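Next come the chains, spelled out residue by residue.
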Amino acid sequence: MSPRFAVIVFPGSNCDKDLLWGIKNIAGMNAEFVRHDATDLSGFDAVLIPGGFSYGDYLRCGAIARFSPVMNEVRRFADEGKPVFGTCNGFQILCEAGLLPGALLRNTSLRFVCETAQIEVANNATRFTSKYDPDQLLRLPVAHAEGRYTVTAEELEQLKANNQIAFRYAKGHNPNGSVDDIAGVTNKAGNVLGMMPHPERAVETLLGSDDGLPFFASLIDSLAA
Amino acid sequence: MTSSKNYKVTVYVTYKESVLDPQGQAVKGAISRMGYEGIDSVRIGKYFEIMAHPSDGTTLEETIDAICDKLLANPNMETYRYEIAEAQA
Amino acid sequence: MSETAVKTTAEPTAEEVRDTKIYLGWSMTDAEYERAVGMLGRLPNYTEAGLFAVMWSEHCCYKSSTPILKSFPTTGPRVLQGPGEGAGIVDIGNGKAVVFKAESHNHPSAVEPFEGAATGVGGILRDIFSMGARPVAVLDSLRFGELTAAHAKDVDRNKFLVDQVVAGISSYGNCIGVPTVGGETEFDSCYEGNPLVNVMCVGLIDVKDIQKGRAAGAGNSIMYVGATTGRDGIHGATFASEEFGEGNETQRSAVQVGDPFMEKQLVEACLDVIHNHNDILVGIQDMGAAGLVSSSAEMASKAGTGLYLKLDDVPQRETNMTPYEMMLSESQERMLLCVRAGHEDEIKKIFTAYGLDAVTIGRVTDDGQYTLEHKGAVVADIPVRALTDDAPEYHLPDSEPARLKGLRAVDASAASLKITNPSETFLDLLASPTVASKEHIWHTYDSQVLTNTVIRPGSDAAVIRVRDTDTALAMTTDCNGRYIYLDPEIGGKIAVAEAASNIVASGATPLAITDCLNYGSPENPEVMYDLKRSAAGISAACRTFETPVISGNVSLYNETSHEAVYPTPMIGMVGLLEHTDHITTQAFKNPGDAIYLLTGPQGIRPDFAGSEVQKLTTGSIGGVLADVDLDAIAATQRALLTAIRAGFVASAHDVSEGGVAVALAESAFGFDSASGDGRENPQAEVLGVDVTLDLDDPLLFAETVGSFVVSVPAGKVEQFEASVAATSPEAAATLLGHVSDDGMLNILTNGDGIRVATMSAKKVWKESLACLLN
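Protein chains in written order, with my numbering: chain G, 1 to 225; chain C, 1 to 89; chain E, 1 to 774.
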């Protein structure tokens, strides 16, 4: 049995289909959509939270989605040590829900930015990044207006001390003003990862980059282990 | 300029009543789903704190009105109100 | 007098409507009022007069432009749906079809640019998914006043408009999750005060899922879904049918606010119903211009039925709304469904799952009447046909614009340009906002969501792949208003020819077009002349390129204080790539590749009327616009397409604003890694060109329509030349030189030529717009 992936769909999610396409059609896994009002994640081996504008991103990005019924289950799922991944709005939701440290603020440019960013693998010793080389340079799309990662100075020291920084924007390529060029972080236990870049947009060379494939391969590998 | 006092101006900008407020509706929906009762409507607006003093030839009210009309509020869809209080020294 | 039609409180009586001529304020003429009286056989009450006024407005019934639109070719072997529905549909094989349409939102954007542009995106998306299609791409064609104080009355206002329109498009499109993949932005002083915001949406559909906006079957239910109705946007339609004057403040309250989150839910819910519950759905239509009245009357008209609507059941956001206000409101994110009787609760349940309300507000009847009930009384009772099919149609007089004589007398020769330093002129052209990179704008659009985008903004045409097939779609928008200003008919031909060239350069076969016809007041005979003649040019070109007009929109009264914009018929074209292997960009790929100029039999011609270089060097445009040989252009395009499909072409770029010199440069600039095109050239920083043209310097900037800069791998030069010769004897492939690796744009001519470092030229081109806007 190949592992089963849940792709959470909030009202306003808009990368849900992209994430399902990536994990199911490209990576060949079992995957299905799970609605925001679902109250059961049993039978799933990993949870993926897509990008988009949950609840229009009104109030604050992710602020309303975190109160969705499914988030109680996602929290329980994470507490059990199972992998939870959020990209873009998914990252914002995980931060709002307290599953990841920090917050994502308006880009320093105050503008939405859509580009292929240069990303550095900051830690390849996570279950999401094991198939990357240390310090490998990746081309991954970003598309967001609120991607400026912020933590307190003490939290930043802890992130570093615990090797929680998984991805950084390459020097000089920080598209949003994130502190310490942080593009993606894990929780302390390493089973929850959030990142602004979209690995699911980089799984086919036809569309410009397949640098996201090892990301999903790492996760799949970790489930088999 | 010994005569000029300092004031704290608080400006509230909200959508006109006839204008749709999608954000307010989304927040109200969330409040309902969280189980709080008795909330009938939510309108979201902007809040500004401005420290100011009257400049020669114009009253503070005139200046604030002009700023609100031209910048802080979009007269096509927003209204504003403000309060002026003497600032603590 | 009908016994049933009664007035509501505080509204003028039917007699008062007649005596005070309140309808004049709704842009309804006395003659039209009399026409309505004749059709009813009695005086219309306030509500009815309002319904007539809005349904007979230019924006809803195209009364001035219909005779002209009828001249467009609208059919073809692949066309599944021509004009008349929410959007046109073209078969693309594999059981799939492409659905597309463009719409203008000029007037709302002039008043409230952010919300105007945002709701423009929302409106066109609804047209696409109301056909049953999933929207997969958006393109925007924008026109603004100029960005330099020397050429603008209010340069700050112009910058503000650009900023806000772009922010509005970005906010709505990004949130709803449909990629904005292309478009164009141009600047001319005629658009100051009346910017153009034209949005095109492309959707994909399985042929079996195609919907029609029909209210058929007496007894079936009319259901209202989506956002509640407020007083926003009342008179949007009549408002769009008037020109702007100073101090039009009351009209300026007609602002709608878009809610992309609501629309996202609406797309998913409507597509769910269409894909999974088609047996209980009879018809579906967007509530767009003139909201409820227009959508419902059209649905009944198309089915030959009547409607009985109970307005008390219309979901309302505000209190004490009158029938008139409810019917004319242009609140956004609303759809109208016709549902098989007895299945209303099933529909309701589906929409509830998406957090939306679906409410039955009436039923289909067989009496052909449009009947509205409010608070227990019938408040309108009008034959459906009177509102729709029997709307007036005007054959307005036209006369040749006085401007043309003067414009034709202008010297547009090469000598008139007084070019003394071609390298300097070249850099100035690259910096001009119309030529300069628009990255500053499209950087703020999510162009990749839905993971289908192969070619993002910045090449001739955008390309998205069609999943589960080997095919892809190319799409572009095009229109050079300056050409049409100089000669409407030839300019109309050029607009279509350039769109086709963009499509072909990307490796696709042109399929069909949509259009937004942006003009001034039709009551001005000169404007009618522009409209008629440019439509004739468009028709001729559409026949040559076999691209029927399958949808579109007309926006008249684009005037500020009686100054009209350039006649600007925006052409949106979609093409089909038979295989993703054929996808071609404008970027040079490898040093050593041969560079060809592919043209018609006459090569590059010394025509500068309306060109960017003329505007730049003389400050204005004028001269006789040279006619174009459509057949020769089509032959050249065939030659290019054949060579692309055979795999002989590394890059192709059509020659347009700025001429061959700019086309060569843009090809050498490649794509930035930062802007993220998948087909970026990793060596972009070092590429250059070494070319020799047997031309005088000014000809480097001539915009000979239907010409291409093509690069060919060194090993395929002979095959390329043979292929062009065999496909189209009319086409001429002239070897200019090769792609170099010394980072210099080295363009030799019979004169001084151009010698500039690629990177310094690129810097000028890339940074100009951001500098002008900041």
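It is possible that some hints are incorrect.
[Claimed, not checked] Below are the DSS-like pairs computed for lysine-lysine, each with C-alpha atoms no more than 25 Å apart in a straight line:
| no. | chain 1 | residue 1 | chain 2 | residue 2 |
| --- | --- | --- | --- | --- |
| 1 | G | Lys17 | E | Lys159 |
| 2 | E | Lys159 | C | Lys28 |
| 3 | G | Lys82 | G | Lys160 |
| 4 | C | Lys70 | E | Lys159 |
Worth flagging that the hints you see were computed from the coordinates, not collected in a lab. Remember, predicted model here, so these are calculated numbers, not experimental data.
Against the structure, the hints:
Annotation: proposed proximity of G/Lys17 to E/Lys159 is violated, straight-line Cα distance about 37 Å (limit 25 Å). Distance hint between E/Lys159 and C/Lys28 is unfulfilled; the C-alpha atoms sit about 36 Å from each other, more than 25 Å. A C-alpha spacing of about 23 Å is found between G/Lys82 and G/Lys160, which places the hinted pair at or below 25 Å, so the restraint holds. The suggested pairing of C/Lys70 with E/Lys159 holds, with an alpha-carbon distance near 16 Å, which does not exceed 25 Å.
Violated hints for the displayed structure, listed by number in ascending order: 1, 2.
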